[in-house]
Structures are given as structure tokens and as C-alpha cells.
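Please construct the entire structure, taking both the sequences and the accompanying hints into account.
Just so you know, the protein sequences line up as chains A and B, in that order. The first sequence begins at 3 in my numbering and counts up one residue at a time. The second sequence begins at 578 in my numbering and counts up one residue at a time.
Keep in mind the hints are simulated off the structure, nothing from the lab. Computed from a predicted structure; not experimentally measured. Where a beta carbon is used, it is the ideal one built from N, C-alpha and C, also for glycine. A hint or two may mislead.
[Said to hold, decoys possible] Here are a few chain B residues that face chain A, going by a calculated C-beta distance under 10 Å:
1. 590
2. 593
3. 596
4. 599
5. 607
6. 621
7. 622
8. 675
9. 681
[Claimed, not checked] Negatives, chain B to chain A, calculated, CB over 10 Å:
10. 589
11. 644
12. 678
[Unchecked claim] Which bits of chain A does chain B cover? Going by a derived footprint, with three or more residues having C-beta under 8 Å, they are:
13. 23-36
14. 43-56
15. 67-77
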Amino acid sequence: KQEVTQIPAALSVPEGENLVLNCSFTDSAIYNLQWFRQDPGKGLTSLLLIQSSQREQTSGRLNASLDKSSGRSTLYIAASQPGDSATYLCAVRTQGAQKLVFGQGTRLTINP
Amino acid sequence: SAVISQKPSRDICQRGTSLTIQCQVDSQVTMMFWYRQQPGQSLTLIATANQGSEATYESGFVIDKFPISRPNLTFSTLTVSNMSPEDSSIYLCSTGWGVDQPQHFGDGTRLSIL
Chain A
3 KQEVTQIPAA
13 LSVPEGENLV
23 LNCSFTDSAI
33 YNLQWFRQDP
43 GKGLTSLLLI
53 QSSQREQTSG
63 RLNASLDKSS
73 GRSTLYIAAS
83 QPGDSATYLC
93 AVRTQGAQKL
103 VFGQGTRLTI
113 NP
Chain B
578 SAVISQKPSR
588 DICQRGTSLT
598 IQCQVDSQVT
608 MMFWYRQQPG
618 QSLTLIATAN
628 QGSEATYESG
638 FVIDKFPISR
648 PNLTFSTLTV
658 SNMSPEDSSI
668 YLCSTGWGVD
678 QPQHFGDGTR
688 LSIL
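Listed below in C-alpha cells is the structure:
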């Protein structure tokens with residue numbers, strides 16, 4: 003059974019810092035991995051999707067990497083801003099399945 | 578990306594009643610997914626809804642408690658039946674256009690049971 007873990011559970015940093023969020027998964031037979039952002043009381047916004055054959059994906063100040071063999075992904079946020087404050091979730095899609103398995107999320111606070 | 582609309586956005590319900598949540602997608606999709614997010618928790622898949630067939634439920638979720646309809650390729654409903662305070666959660670609808678495409682979510686329905 004696929005299990006997804008995100009560390010840390012919460013992170014607070016001053017504005018302008020670069021930061022890394024971590025995601026690990028137990029079964030390396032994944033199809034892809036997706037990072038989401040969730041604002042309080044809201045749904046999920048898709049940030050980046052990395053296919054199993056890819057090593058990284060970039061969108062603006064966000065860079066996600068994937069090391070499938072070790073069961074790890076990181077989300078790098080450059081030059082953080084207060085508007086980046088949210089909960090960040092990673093989810094994996096296991097091969098042969100349509101559904102996503104989610105981690106518990108990292109609650110990020112960027113302090114002005 | 579898809580526009581996924583959910584109604585209602587929130588509701589407060591009495592114990593023992595039922596509520597139906599609607600999910601509308603702005604284009605045709607094969608699969609629609611219903612997730613639950615309990616307070617302070619991550620998302621758990623309730624069921625997968627394909628048009629023209631019975632929904633497939635995950636372990637721990639049953640059709641009597643969470644009946645799902647999928648009348649066409651752009652719409653689905655999830656009913657939370659005989660509600661108890663333990664059903665207080667955010668319920669989210671999701672879909673995508675293939676396993677190699679991002680999955681997108683609606684804004685969710687925040688449900689509180691008194």
C-alpha cells in the first residue's frame with residue numbers, strides 16, 4: 003500500500019528566503035507525482051506535475067524534483083513571499099491507478 | 578485547466594439528515610473522483626465515478642452512506658447520508674484528462690454536522 007509522508011508538518015520562514023519542502027513515498031512504482039497548494043477553506047490548486055520519467059519541473063519560482071528510485075520529491079520555492087503562505091500537498095499516482103494518494107501536507111507561513 | 582464547480586460551498590446540517598453535493602465540470606471527462614478531508618487531515622479518496630457504471634468505492638466507504646450519481650460526462654453528485662458529527666469534513670470533487678495529466682479540484686464543500 004502506497005504511503006506518502008511530508009516533512010516538516012509546518013514551516014515558518016521570513017520573507018525572501020529560499021525553502022525546500024519534502025515528500026517521500028514508499029512504493030517507487032509511481033506514474034507521476036503532483037504538488038498542490040491549498041489555501042485555508044479552499045480547494046486544491048495544482049502547482050506542478052512530474053512524470054515518473056522526469057527529474058524536475060519548473061514553474062516560475064517553483065521547482066519540483068523527483069528521485070523515483072529513492073522515493074523522494076522536493077518542492078523548492080525561491081524568494082518566498084507572504085502570498086506563498088498556504089498548505090502544500092504532494093500526491094502520487096501509482097502505476098495502473100487513476101487515484102492520487104496524498105501526504106499530510108506542510109503548512110507554510112512566510113513572515114513579512 | 579478545467580473549471581470544476583461545486584455546490585454548495587458550505588452547509589450546516591442536523592444529525593440524521595442527508596445532503597447532496599453537486600460537481601459540474603466545464604468539459605467532458607471520463608472519471609470523476611470524490612475525496613474527503615477531515616479537519617486537520619489530508620485527502621482520502623471516497624470513490625471513483627465513471628459515467629454509465631456504478632461508482633467504485635475505496636476501503637472504508639460504502640454506497641449506502643455515500644451514494645454517487647454520474648448521469649453524464651460533465652456532472653456528478655455525492656450524497657452524505659444519515660449524517661453524524663463524524664461526517665464534518667470538506668468534500669472535494671476532482672477530475673483529470675488522463676493519467677499523464679494533472680488532476681484538478683473544485684473548491685470543496687465544507688460540511689458541519691450539529
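These are the hints, each one checked on the structure:
no., hint, in the structure
1, 590, "violated (18 Å)"
2, 593, "violated (26 Å)"
3, 596, "violated (18 Å)"
4, 599, "violated (14 Å)"
5, 607, "holds (9 Å)"
6, 621, "holds (8 Å)"
7, 622, "holds (5 Å)"
8, 675, "holds (9 Å)"
9, 681, "holds (6 Å)"
10, 589, "holds (14 Å)"
11, 644, "holds (19 Å)"
12, 678, "violated (8 Å)"
13, 23-36, "holds (count 3)"
14, 43-56, "holds (count 8)"
15, 67-77, "violated (count 0)"
This entry does not satisfy hints 1, 2, 3, 4, 12, 15, going by the numbered hints stated previously.
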